[in-house]
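Enquirer: Residues per chain, in single letters:
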Amino acid sequence: MSENTTPAAAPTAAPKGKKRLELDPRLAAYQGIWVFVEMERGHVHPVSWELMGEGRKLANILGVELGAVVLGGSGVDTQMASAAAFTYGADVAYVVCDALLTEYRNEPYTKAMTDLVNRHQPEILLLGATTLGRDLAGSVATTLLTGLTADCTDLAIDPDNRGLLATRPTFGGSLLCTIQTLNYRPQMATIRPRVMSMPTAEPGRIGRMVTESLNMVENDIIAKVLEFIPDEAQEQAQLAYADIIVAGGRGMGKAENFRHIWDLAAVLGAEVGGSRPVTHAGWLTADRQIGQSGKTVRPKLYIAAGISGAIQHRVGMEGADVVIAINNDPNAPIFDFATYGIVGDAVHILPALTEAFRSRLVVNRRAG
Amino acid sequence: MAEKFDAIVVGAGPAGNAAAYTLAKAGLNILQLERGETPGTKNVQGAILYADALERMIPDFRDDAPLERHIIEQRMWILDDRSFIGTNYRSDDFNSERPNRYTILRAPFDKWFSSKVKAVGGLVICETTVTELIKEGNKVIGVRTDRLGDDIYADVVILADGVNSLLATKSGFHKEIEAQNVALAVKEIHFMPQEVVESRFNIKGDEGVVIEIAGTVTHGMVGTAFLYTNKESITLGIGCMVSDFKNGNITPYAMLEELKAHPAIAPLLEGGEMKEYAAHLIPEGGYKAVPQLFGEGWMLVGDSAGLVNAVHREGSNLAMTSGRLAAETVITLKAAGLPCSAANLTRYKAAMDESFVMKDLRKYRELPGILHNNPHFFSVYPELLNRAAHTMLIVDGEDKHSKEKAIRKSFVQRRSLWGLMGDAYRMWRATR
Amino acid sequence: MHIVVCIKQVPDSAQIRVHPVTNTIMRQGVPAIINPFDLFAIEEALRLKDRMGGKVTVITMGPPQAEDALRKAIAFGVDDVVLLTDRAFAGADTLATSFALAQAIRTIGAENPVDLVFTGKQTIDGDTAQVGPGIAKRMGLQLLTYVAAIDEVDLEQRSITVQRRSEGGVQVIRTQLPALITMLEGTNQIRFATMENMFRSARYVVPQWNKDRAGIEDASKIGLKGSPTVVSKVFAPKPKAIKAQMIDVSQGPKATAAALIDTLTSKSARLANELGLVAY
Ligand SMILES: Cc1cc2nc3c(=O)[nH]c(=O)nc-3n(C[C@H](O)[C@H](O)[C@H](O)COP(=O)(O)OP(=O)(O)OC[C@H]3O[C@@H](n4cnc5c(N)ncnc54)[C@H](O)[C@@H]3O)c2cc1C
Ligand SMILES: Cc1cc2nc3c(=O)[nH]c(=O)nc-3n(C[C@H](O)[C@H](O)[C@H](O)COP(=O)(O)OP(=O)(O)OC[C@H]3O[C@@H](n4cnc5c(N)ncnc54)[C@H](O)[C@@H]3O)c2cc1C
Ligand SMILES: Nc1ncnc2c1ncn2[C@@H]1O[C@H](COP(=O)(O)O)[C@@H](O)[C@H]1O
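Protein sequence lines correspond, in order, to chains Y, C and F.
What the first sequence shows, in this note's numbering, is residues 1111 to 1478, in sequence order.
What the second sequence shows, in this note's numbering, is residues 12 to 443, in sequence order.
What the third sequence shows, in this note's numbering, is residues 3 to 282, in sequence order.
Worth flagging that the hints you see were computed from the coordinates, not collected in a lab.
We put the beta carbon where it would ideally sit given N, CA and C, even for glycine.
In silico lysine to aspartate or glutamate, EDC-like type, Cα no more than 16 Å apart, as pairs:
hint	chain 1	residue 1	chain 2	residue 2
1	F	240	Y	1428
2	C	127	C	66
3	C	181	C	143
4	C	146	C	162
5	C	286	F	14
6	C	122	F	70
7	C	129	F	69
8	F	240	Y	1264
9	F	235	Y	1264
10	Y	1334	F	154
11	C	129	F	70
12	F	51	F	81
13	F	269	Y	1431
14	C	299	C	364
15	F	256	Y	1465
16	F	245	Y	1428
17	F	256	Y	1455
18	Y	1410	F	276
19	F	235	Y	1268
20	F	245	Y	1431
21	C	15	F	198
22	C	150	C	166
23	F	240	Y	1446
Distance ranges between label pairs, derived from CB positions:
hint	chain 1	residue 1	chain 2	residue 2	range
24	F	113	Y	1323	38 to 46 Å
25	C	85	F	92	42 to 50 Å
26	Y	1271	F	34	35 to 43 Å
27	C	162	F	34	31 to 39 Å
28	F	245	C	299	49 to 57 Å
29	C	403	F	269	51 to 59 Å
30	Y	1229	C	285	55 to 63 Å
31	C	85	F	67	35 to 43 Å
Let the sequences and hints guide you as you build the complete structure.
Expert: Okay, here's the thing in structure tokens:
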């Protein structure tokens, strides 16, 4: 990689005081909203569809096309992904299919993406804030010399200048800030999984396909993937997409008390999560941390035991439909946003809750 | 390669900083060790800074020290469960060029003081705990820390490690501090916008208010509470003797909660965000509990020597003064080419006896005992006083003379006439 | 081997308060710390040095106070530090930050060629995870993000093999030096500094580089001028209006549990249905 890739936009005069600037005419050519369809080993990360739903709304506001960027190693995969993208709202799929794109590697993916952008010039490019998405977004933005707003929680269009208003938490979630990319295109943003809701697919909806080639050979790529060790083999928690989560905090007192959490989770068929102090103390593995520096979750039911509800935890779980909080402090902040509150010692309440659920669930969810 | 210094100062509170600053400024090669992440992180204090002790070392400290507010008003409140009776003293004279008392936050203040130590050439190392004093015979020759590495040597070690000095006890300089000689204080800092602080206390600019509080909140235990205004926060704390807590049925934390809920206090804190809770010991044994202050190659300064004037809630100024005097002793000895032997370090004790530190402590030497043995000061009196005020203020058709009589009667009923007179006499004796 | 580690000094966001009226950050008394994620990068660099010899240089771009963070790095045992500080850097977003850092690292490398650059996974204030990839692209380094372990560095072959976390698994990747690694958290534990290094740190004079010393000629690429993104609004999250419905706990845990389930079946019927809860 070198710096002489055609810049997407040369910076014009810095905005002085006045926020609303006439867009550089060269940049006005940038049109349409793109969503990167993140695919690994034939599997599309659901965040891509969450973003497609969001992208659809923005495209409608702007009256422009919604494009899906589909990069992959096999025709079957890219075909399937494109078809799916159409059902979730894409008008057009920009496809690069090349064996070199089979596994994610930064170099070929960055090249594929920047080439597409330079040729077709979208005004907005959205990616999931996954490990892959962040790796790619950072590289693409630097290569294109444009702005990138990471980890957004809300996207909107500025009615005055048709620019993207990307809102994200700042200072540990205590505040939100809205960021604009003024005289640069495309405007890039990453959004975490589960922040946007999943749109419903429209079966039978179709769109256009634009296919480009990668123009790269294996020898151009320095990095080689020697091996891939999938998580299933390592029992990684699948928290982000769990329907039910039982989470424990420092208020559980000690590691042994977490068996009450696991017991309840077993009866409910739930995943287990926790707050940061808990993963730091080693009561749970780090991948089970929920919150700003952990995972964002959006379950139907979230049971929080001994969790105070600090803002950094809250931002990771407030998308839950129903939150049940158990805390012995009636003034704990979690009661400000939980659906149901129980003031009491979690160590006593949890076993009772486990028993009650066991006897009143039609089927034992784990077994059934 | 083992390091060797003219002096090692353990601790970077007011006492240690005063000592290290004075030594380094005189050109001595000194090392100061502090276990906290930065100076001040482990320190807990109300806190009032008395300018004088600091001014003697750093005359222009007002230029850049992180001072919160200078105090223009002092209130004394005596609470019973639902009311308080009190006095105010407020004066524009306190708005002078060089105010005498300030509220401070210890963390930024100690950090600032420490930056001054560095500026005059002191070597300051934080996050390092001194675990042991190295002795040769009965002479202290250096220290050992919790970090991997060589021992560190010095001609003299000044212990400014605060109340409950483990090093001093471990080294046999004094016995473990006794429960009746030490108070446990808890405090919280409640943050709120500057405008709120100012309108609640009727102050502007850098003006500040102090409220000293006593009464039934301490459940009859010997203790007091305090409230200080900072720039954009309020410090609230309460403390009682550890020996009382041991027998008592209330925890310090619960006591603070009760204080916060008191109808006189709650409105002052309303809407604030509690950001800092801390508990700390205060040596309040007074004059009689002050241990031996020096020995072969070592000196005690500040809280580690029990130098707190509980009656006037002074500590940091005694700490700074003792730190400075200890340092000056070393400087004199160095200049004369004399070793820091116990015999030579008696000069430190002599300087202390000459200073306000020991004189003030001596003046109040009987007070701790009296308060301890007369718990009614903290239970019966607050109630009686409040009820008296209440009785006088209610206009209900009863004549004032009868009211006064009733009040007098209530006092005598709860506490015999002899008792009342005895109390008055003892207090006068103890504070004379 | 010469390793450069990028660290940032950040306010300890656990202790940040927001002014309830003006919604501005109240920084008073908020301690500044080394971005916690960067400690993993420092430690990994030191471990590589322990293993293979060489030198570790730590760099930060920030205000003069950021010197404290560098001094701390010295205490952990790094060989050298550089503080990149200049008014011209103020207001930088990730693109401008990575430009400045890349240029400074090039200048460092002119004297002693750099084999590896480390950054943390992300900062706790900016929280973007973009500066690392940005530096890599600017400098043409091989980019290895989310590295959980370094399996092998072969200086003869100029190759490096790492395990990197990707969605759904771990990739074992081999690539060529020079490379940039963003280190995953929890992968190691920062060492406890020795007394000797504490002394070194206390006496260390931190070199300060302005933009010229860092070799930056084009001032339009740094600071506010070089930043495509602008913050147009800062505001506090809206508090949720409805507080939790409290379940009666006066009758003991068993009754509480039963009361909760009753409430679920009546008030959150859809959820209860999906769970398969029986209403009594
Ligand atoms: C940059 C940054 C990122 C962060 N990221 C995250 C993150 O991703 N996720 C996260 O969770 N945190 C995160 N934090 C930490 C966060 O600020 C809080 O410190 C943390 O969430 C608190 O965890 P907790 O609620 O388990 O513990 P505490 O705040 O200690 O709360 C424990 C609670 O348990 C209650 N309790 C005590 N005993 C009992 C009992 N017997 N029964 C019932 N209740 C009891 C107490 O009343 C209290 O409310 C982050 C902080 C920072 C600065
Ligand atoms: C709640 C409260 C309110 C108070 N209010 C006031 C007030 O309003 N005005 C006033 O003047 N005084 C007040 N005081 C008293 C005052 O705080 C103390 O008298 C003063 O801090 C003593 O200073 P020092 O330097 O001796 O000890 P400290 O301030 O306690 O400093 C000791 C230092 O040594 C360090 N240390 C301890 N052991 C080791 C070791 N082994 N190795 C390395 N470092 C070590 C500690 O981390 C600490 O930083 C108050 C005290 C309390 C608790
Ligand atoms: N100002 C800076 N100086 C040095 N390194 C930085 C700076 N900002 C960010 N970094 C590095 O880049 C990483 C990612 O930062 P961010 O993109 O802000 O999340 C951090 O963990 C640091 O290692």
